[in-house]
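Chemist: Based on the hints, put chain B with the ligands in the right spot on chain A.
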Amino acid sequence: MQKVNIFFKGHKILLILIAWISSFILLTVFLSFDAIPFDIDLYIPILDTVVPKPLDVTLPLFSYAGIFGIAALSLNLEVGVTGISNFGKIGFFMIGCYATGLAFLFRYPIFIAIPIGMLVTGFFGYLLAIPTLKLREDYLAIVTIAVGETLRTVLRAETWIAWPQNRQTSGGVLGLTIENIFRSSITTDLVIGDIVILASHVADLMFLIVITVIFLLVYLFLEVLYNSPFGRVLKSIRDNELAAESLGKNIVSYRIKAFVLSSVLAGLAGGVWALYIVAFSPGGFPPYYTFFLWIVIIIGGLGNNRGVIFGSLFIWGIEYLARVLTSDIPTFVGQFTKYLNPISDLYRQIFSLIPFVGEFIASLDPISFFQSLIIINPPEYYPQFVFGILLILFLIYRPKGVFPERPIKTVADIALLEDSKEKNLSSEKDDNQ
Amino acid sequence: MKVLKINVLEAQDVNKNFSGLQALRNVNVKLKKQKIVGLIGPNGSGKSTLFNVITGIIPQDEGDSGQIYLNGKTTNHKKTHELVREGLVRTFQITQIFPMLTVLENMLLGAQSHPGENLSVVLIDLIKRLFKRFTWEASEKQFAESALEILRYLEIDHLALEKAEVLSGGQRKLLALGRALMTVGKVILLDEPVAGVNPTLSNQIFEKIDEIRKDDTTFFIVEHNMDVIMNSSDEIFVLSKGEIIAHGSPSEIQDDPKVLDAYLGNIEKD
Ligand SMILES: Nc1ncnc2c1ncn2[C@@H]1O[C@H](COP(=O)(O)OP(=O)(O)OP(=O)(O)O)[C@@H](O)[C@H]1O
Ligand SMILES: [Mg+2]
Chain A
1 MQKVNIFFKG
11 HKILLILIAW
21 ISSFILLTVF
31 LSFDAIPFDI
41 DLYIPILDTV
51 VPKPLDVTLP
61 LFSYAGIFGI
71 AALSLNLEVG
81 VTGISNFGKI
91 GFFMIGCYAT
101 GLAFLFRYPI
111 FIAIPIGMLV
121 TGFFGYLLAI
131 PTLKLREDYL
141 AIVTIAVGET
151 LRTVLRAETW
161 IAWPQNRQTS
171 GGVLGLTIEN
181 IFRSSITTDL
191 VIGDIVILAS
201 HVADLMFLIV
211 ITVIFLLVYL
221 FLEVLYNSPF
231 GRVLKSIRDN
241 ELAAESLGKN
251 IVSYRIKAFV
261 LSSVLAGLAG
271 GVWALYIVAF
281 SPGGFPPYYT
291 FFLWIVIIIG
301 GLGNNRGVIF
311 GSLFIWGIEY
321 LARVLTSDIP
331 TFVGQFTKYL
341 NPISDLYRQI
351 FSLIPFVGEF
361 IASLDPISFF
371 QSLIIINPPE
381 YYPQFVFGIL
391 LILFLIYRPK
401 GVFPERPIKT
411 VADIALLEDS
421 KEKNLSSEKD
431 DNQ
Chain B
1001 MKVLKINVLE
1011 AQDVNKNFSG
1021 LQALRNVNVK
1031 LKKQKIVGLI
1041 GPNGSGKSTL
1051 FNVITGIIPQ
1061 DEGDSGQIYL
1071 NGKTTNHKKT
1081 HELVREGLVR
1091 TFQITQIFPM
1101 LTVLENMLLG
1111 AQSHPGENLS
1121 VVLIDLIKRL
1131 FKRFTWEASE
1141 KQFAESALEI
1151 LRYLEIDHLA
1161 LEKAEVLSGG
1171 QRKLLALGRA
1181 LMTVGKVILL
1191 DEPVAGVNPT
1201 LSNQIFEKID
1211 EIRKDDTTFF
1221 IVEHNMDVIM
1231 NSSDEIFVLS
1241 KGEIIAHGSP
1251 SEIQDDPKVL
1261 DAYLGNIEKD
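Residue numbers (this note's numbering), protein chains in the order written: chain A, 1 to 433; chain B, 1001 to 1270.
Bound-form chain B, shown alone:
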């Protein structure tokens, strides 16, 4: 099984500096195909920042260094949306939704290469088929069906036609997760996907994630709930003060004294 050895995502010697504050220091992370990889660490240790650097949300400034490889190719200077096209998708710790659009529309925006999102397709359709069906309607229906399927799984399908602004905090988290799944991305980074979601549902979600990863998808997940992350990941990276201090299987991490130190040290300081 050689294929499995390819690193779908690799961060090499990543350094990120916020005007003096070293948020990431020589971070090296490798994600193997079809794995669920956890990323843990105390508050402010740089987990979200690592996601931001990987997905190009925060640009590399002077003094920052490091390389990101997606499927073996460097992602240098690629914009976030270009990386999404290549299968690298993420959710945010602070949930990002489109409040004025319906839940279903939020989901449909996750769809990739939807012909109807093309202005020229819409215009040509309009001229050619004025009173007939538009060419993009078929794909729209298909996307909508898979969107509803995901919503059903996340137990928010009854809200499909509500404006997203009416959703509760936990429901918004679910929506953002569902939207990321809609993209059918190959590498999905989830920043605290089930924070504020009830335990039963969050277990279900991790089961679903486990199911999806078999379909050639890799997950990189930040999560503060230790039980959940230890049970579901194949591998875990631990960040502390911008540095990877431990890396291994969940059982190795649980026994690692450095990890305990990092968490306890943080508490003492507070």
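Next up, chain A with everything else stripped away, as it sits in the complex:
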């Protein structure tokens, strides 16, 4: 028998890493080439420095995508693989964030603080799992929404939670502030020829590398898990509880295990978030983020982790660029005014020709209405708006996501496929004739 090992799939991890790094570099380079049309200063530099400004966009974008990507991987374990609808994911993320932050404030080094966050979140997940995972799916969804919201409210109200810090300036709505280890340890600018990269950017780049490594480790871990018979049982429970139960699988126990494991990973994502974002408060974990993670895995492809990588980058790309763009949109639309105004004039002229109601219809000119809406008051819900439309389009036209779930070739599959191909193809065909 040929030696078959899951890690033979290592080249896929490499491909993913290459895709990740090259999209980072491409986007950064693209932004620095002033390639955006309409002469918009997309990258609004906050500081007027010699720094390549696009890093101000790409560093946070990829860090967000990476950290929330870990959370999305964790959600995919629940939703996509085990079939547990968790609508309170951000609550677990928040617990991991706070627990890691507090451990860090107690001067534990990060490689202890992060596991503490993971353990605390995992334990919390366990406490929640025992009573709730016996519930029917729809009830479970309601409970998890409630849990996520309750946690946020509790953290907002209970000011003592910031006990290692000054209560005047932290706790409750004020949240916690911890030290940025990367920025405080890297203080000199990096000079390569003409290009000067700010120390803060170098530090953020180091952090991004750490995030990427953690993300890939989690990804690899989950790939092994999904390839194992354990993962197969999880999927069977998602597909058909009745059949799984009558094949001797203890459904509740498996669901609890998956839920706890997923909570641990959410705690990891939260812990990394704490160290990245440095200052956080309950307001920073709105339920919107839970749905954000849901959109990531639905668009990416439920049950397929490669989809999570794509989904996370794609969705954060929209979210982050939209945030940057929101302030630019009036200018952006302003570019078009000179083209739109004649159309608008034409509209009015045509409709005012109609007797009686003409004036009224002309005043309803949709183009100038749209223009004034956007230019005078650029709404902040653009990304949400786009996500909503995307979600609807995906659910209608591509419900399985960009990367639909494919059956994993397990060890047995691979070995037997080769075995039986040789053995059967000749003999079996004769029989069938």
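None of these hints come from the bench; they were simulated from the model. One should not assume that every hint holds.
[Said to hold, decoys possible] As a list, the in silico DSBU-like pairs of lysine-lysine whose alpha-carbon atoms are at most 35 Å apart:
{"no.": "1", "chain 1": "B", "residue 1": "LYS1073", "chain 2": "A", "residue 2": "LYS12"}
{"no.": "2", "chain 1": "A", "residue 1": "LYS134", "chain 2": "B", "residue 2": "LYS1128"}
{"no.": "3", "chain 1": "B", "residue 1": "LYS1079", "chain 2": "A", "residue 2": "LYS257"}
{"no.": "4", "chain 1": "A", "residue 1": "LYS400", "chain 2": "B", "residue 2": "LYS1163"}
{"no.": "5", "chain 1": "B", "residue 1": "LYS1208", "chain 2": "B", "residue 2": "LYS1163"}
{"no.": "6", "chain 1": "B", "residue 1": "LYS1241", "chain 2": "B", "residue 2": "LYS1141"}
{"no.": "7", "chain 1": "B", "residue 1": "LYS1241", "chain 2": "B", "residue 2": "LYS1208"}
{"no.": "8", "chain 1": "B", "residue 1": "LYS1030", "chain 2": "A", "residue 2": "LYS12"}
{"no.": "9", "chain 1": "B", "residue 1": "LYS1073", "chain 2": "A", "residue 2": "LYS257"}
{"no.": "10", "chain 1": "A", "residue 1": "LYS134", "chain 2": "B", "residue 2": "LYS1073"}
{"no.": "11", "chain 1": "A", "residue 1": "LYS134", "chain 2": "B", "residue 2": "LYS1186"}
{"no.": "12", "chain 1": "A", "residue 1": "LYS134", "chain 2": "B", "residue 2": "LYS1163"}
{"no.": "13", "chain 1": "A", "residue 1": "LYS134", "chain 2": "B", "residue 2": "LYS1208"}
{"no.": "14", "chain 1": "A", "residue 1": "LYS257", "chain 2": "B", "residue 2": "LYS1141"}
{"no.": "15", "chain 1": "A", "residue 1": "LYS134", "chain 2": "B", "residue 2": "LYS1078"}
{"no.": "16", "chain 1": "A", "residue 1": "LYS12", "chain 2": "B", "residue 2": "LYS1128"}
{"no.": "17", "chain 1": "A", "residue 1": "LYS257", "chain 2": "B", "residue 2": "LYS1128"}
{"no.": "18", "chain 1": "A", "residue 1": "LYS134", "chain 2": "B", "residue 2": "LYS1141"}
{"no.": "19", "chain 1": "B", "residue 1": "LYS1078", "chain 2": "A", "residue 2": "LYS257"}
{"no.": "20", "chain 1": "B", "residue 1": "LYS1214", "chain 2": "A", "residue 2": "LYS400"}
{"no.": "21", "chain 1": "A", "residue 1": "LYS134", "chain 2": "B", "residue 2": "LYS1214"}
{"no.": "22", "chain 1": "B", "residue 1": "LYS1186", "chain 2": "A", "residue 2": "LYS257"}
{"no.": "23", "chain 1": "B", "residue 1": "LYS1163", "chain 2": "A", "residue 2": "LYS257"}
{"no.": "24", "chain 1": "B", "residue 1": "LYS1078", "chain 2": "B", "residue 2": "LYS1035"}
{"no.": "25", "chain 1": "B", "residue 1": "LYS1030", "chain 2": "A", "residue 2": "LYS134"}
Please read all numbers here as calculations on a predicted model, not as lab measurements.
Modeler: Just chain B with the ligands, lined up with the frame of chain A:
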């Protein structure tokens, strides 16, 4: 041969009530070891319900009564999956498959005490043998081999690596049957195992069942195809309106006027 007299499965005075509808009334059934036992009766007579009660799929509510004994021990309050561990396996009338998994994976899920289904085994393996083979791979291969053997017998082995959702109705029935056989259960309840399967293959399947039962396995089979069930069972129970109205060898049942009545009466009502 004293051993053969032990009842591997016994249902004693089982009553099942669905909010007013008495689906089972004082049902008594005894299955002897290594027998193929048929369960027949008109539509809605309670056959599937009896299977559901025996395997714990539907819980005993207030007003329900009766005891189920597996190998002489009562199965009170045991969950379905616990009973599977003790060798009581079943298939469903409405075929239950895992559509997103491959046919082979569906089969492998029938495997009992697979070390790789244990999270701790998988995690410890992962840490200990990061770039080597996992300890569960050997059992996986073994299970996969026996799975393929069964699939070959059921003539769906060429679909082993397809998603189960692509299977036709009859093929799904076969898959569910194969999966039940994978469990190597000692008492196997089959709810219409060959409904929708072509006659040649269904005869073959019953031959296979006959072969397997010699290996210390008991079958309890619901089947509407009278020819098939009469030819292959050692013993037959007849249910009508939730009551056992006849019980005996196939020839006794065929001659029993009550059985004919039950079937004809049902037709007249329709
Ligand atoms: N879960 C349930 N809730 C309410 N009533 C039920 C339930 N399951 C079965 N019944 C009723 O119990 C009676 C027996 O049903 P059962 O499914 O056991 O029949 P059956 O003998 O298997 O029939 P068939 O040959 O059509 O499969 C029917 O009248 C049915 O409506
Ligand atoms: Mg039935």
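Chemist: State for each hint whether it applies.
Modeler: Evaluation of the provided hints:
{"no.": "1", "hint": "LYS1073/B x LYS12/A", "in the structure": "52 Å, violated"}
{"no.": "2", "hint": "LYS134/A x LYS1128/B", "in the structure": "34 Å, holds"}
{"no.": "3", "hint": "LYS1079/B x LYS257/A", "in the structure": "19 Å, holds"}
{"no.": "4", "hint": "LYS400/A x LYS1163/B", "in the structure": "15 Å, holds"}
{"no.": "5", "hint": "LYS1208/B x LYS1163/B", "in the structure": "26 Å, holds"}
{"no.": "6", "hint": "LYS1241/B x LYS1141/B", "in the structure": "47 Å, violated"}
{"no.": "7", "hint": "LYS1241/B x LYS1208/B", "in the structure": "32 Å, holds"}
{"no.": "8", "hint": "LYS1030/B x LYS12/A", "in the structure": "56 Å, violated"}
{"no.": "9", "hint": "LYS1073/B x LYS257/A", "in the structure": "31 Å, holds"}
{"no.": "10", "hint": "LYS134/A x LYS1073/B", "in the structure": "28 Å, holds"}
{"no.": "11", "hint": "LYS134/A x LYS1186/B", "in the structure": "29 Å, holds"}
{"no.": "12", "hint": "LYS134/A x LYS1163/B", "in the structure": "29 Å, holds"}
{"no.": "13", "hint": "LYS134/A x LYS1208/B", "in the structure": "39 Å, violated"}
{"no.": "14", "hint": "LYS257/A x LYS1141/B", "in the structure": "25 Å, holds"}
{"no.": "15", "hint": "LYS134/A x LYS1078/B", "in the structure": "16 Å, holds"}
{"no.": "16", "hint": "LYS12/A x LYS1128/B", "in the structure": "23 Å, holds"}
{"no.": "17", "hint": "LYS257/A x LYS1128/B", "in the structure": "21 Å, holds"}
{"no.": "18", "hint": "LYS134/A x LYS1141/B", "in the structure": "33 Å, holds"}
{"no.": "19", "hint": "LYS1078/B x LYS257/A", "in the structure": "22 Å, holds"}
{"no.": "20", "hint": "LYS1214/B x LYS400/A", "in the structure": "46 Å, violated"}
{"no.": "21", "hint": "LYS134/A x LYS1214/B", "in the structure": "40 Å, violated"}
{"no.": "22", "hint": "LYS1186/B x LYS257/A", "in the structure": "29 Å, holds"}
{"no.": "23", "hint": "LYS1163/B x LYS257/A", "in the structure": "26 Å, holds"}
{"no.": "24", "hint": "LYS1078/B x LYS1035/B", "in the structure": "24 Å, holds"}
{"no.": "25", "hint": "LYS1030/B x LYS134/A", "in the structure": "34 Å, holds"}
In summary, the numbered hints that this structure violates are 1, 6, 8, 13, 20 and 21.
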